[in-house]
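*Asks:* Take the sequence shown: its letters are residues 110 to 361, numbered as in the numbering used here.
Only pairs whose alpha carbons sit at most 30 Å apart, straight line, appear in this in silico DSS-like list of lysine-lysine:
1. Lys160 <-> Lys142
2. Lys160 <-> Lys261
3. Lys160 <-> Lys222
4. Lys142 <-> Lys122
5. Lys222 <-> Lys261
6. Lys222 <-> Lys257
7. Lys160 <-> Lys122
8. Lys222 <-> Lys122
If you anchor each label on the Cβ, the simulated ranges turn out as follows:
9. Gln223 <-> Lys257: 21 to 27 Å
10. Thr153 <-> Gly300: 23 to 29 Å
11. Met126 <-> Glu241: 34 to 40 Å
12. Asp146 <-> Asp255: 40 to 46 Å
13. Ala238 <-> Asn330: 26 to 32 Å
14. Lys257 <-> Asp211: 33 to 39 Å
15. Arg253 <-> Glu159: 25 to 31 Å
16. Glu343 <-> Ser113: 28 to 34 Å
17. Glu343 <-> Asp303: 31 to 37 Å
Think of the hints as simulated: they come from the structure by calculation, not from any bench. Just so you know, even glycine gets a beta-carbon here, dropped at the ideal spot from N, CA and C.
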Amino acid sequence: MSQSLKMVVASHKPYWMPADDCYVPVQVGSVGKEPIDGFLRDDTGDSISEKNPNYCELTGLYWAWRNLGGDHLGLAHYRRHFAARSTGGKRTRVATGEQLADAAAATGIVLPKQRNYYIETNYSQYIHAHHEEDLETTRDIIARRDPKMLWKYDEIMNRTHGHRFNMFVMRRDLADAWCEWLFGILFELEGRLDITDYSPNDARVFGFVSERLLDYWVESNGLMYAEMPVVNLESQHWVKKGASFLARKIRG
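Please model the entire structure based on the sequences and the hints provided.
*Replies:* In structure tokens, the structure reads:
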């Protein structure tokens, strides 16, 4: 079953990759750059590789959606993967394709365990770090496209938890539907936002907004999902992140 799963690992540099055959290392934003040995590129076939500074790992997702086969499609990052516990449950390790496919078997969707902001909503956390216009314009697009479900968008924005990282595993029909809907929203958003004066970090807006849209899409379509933990292969710098969070809160 794992052979029918294509788990794209988005990376912009050489990095360790899991040995399982389901993992597909993809060099994102590869257009005009030297190839990475052993990686596929996101600038072949139908691609949006040139949009990588604004779409982040989503250029790899778009490429996989348009150019890869497989009964299941997933997305992970070079330093962030779905995790499975080793025998005895004492250590975490990167999940195998068989484990990912087994997790997806019941519902068709696997998402990372939710992130909880506790004292921030999904909306306030975003606007303290980025531009409020990003989410407001996204809301306008959803209001026009699916006005009966706008309440769900507002409900999710007011929560203090959500699924992040743009990570998932989905049965192929669901992955196709997710990508079709997502990129339709993001391409319209791209046409409406003026990001000329955005910082390089804020200019990654479409990758950031996408993280906030996954829960909306899943729940507004009444879909079930399973969750798996995430393992980070690099330090999280929690002290630095905490200080930045407090600074943003103080600045408002």
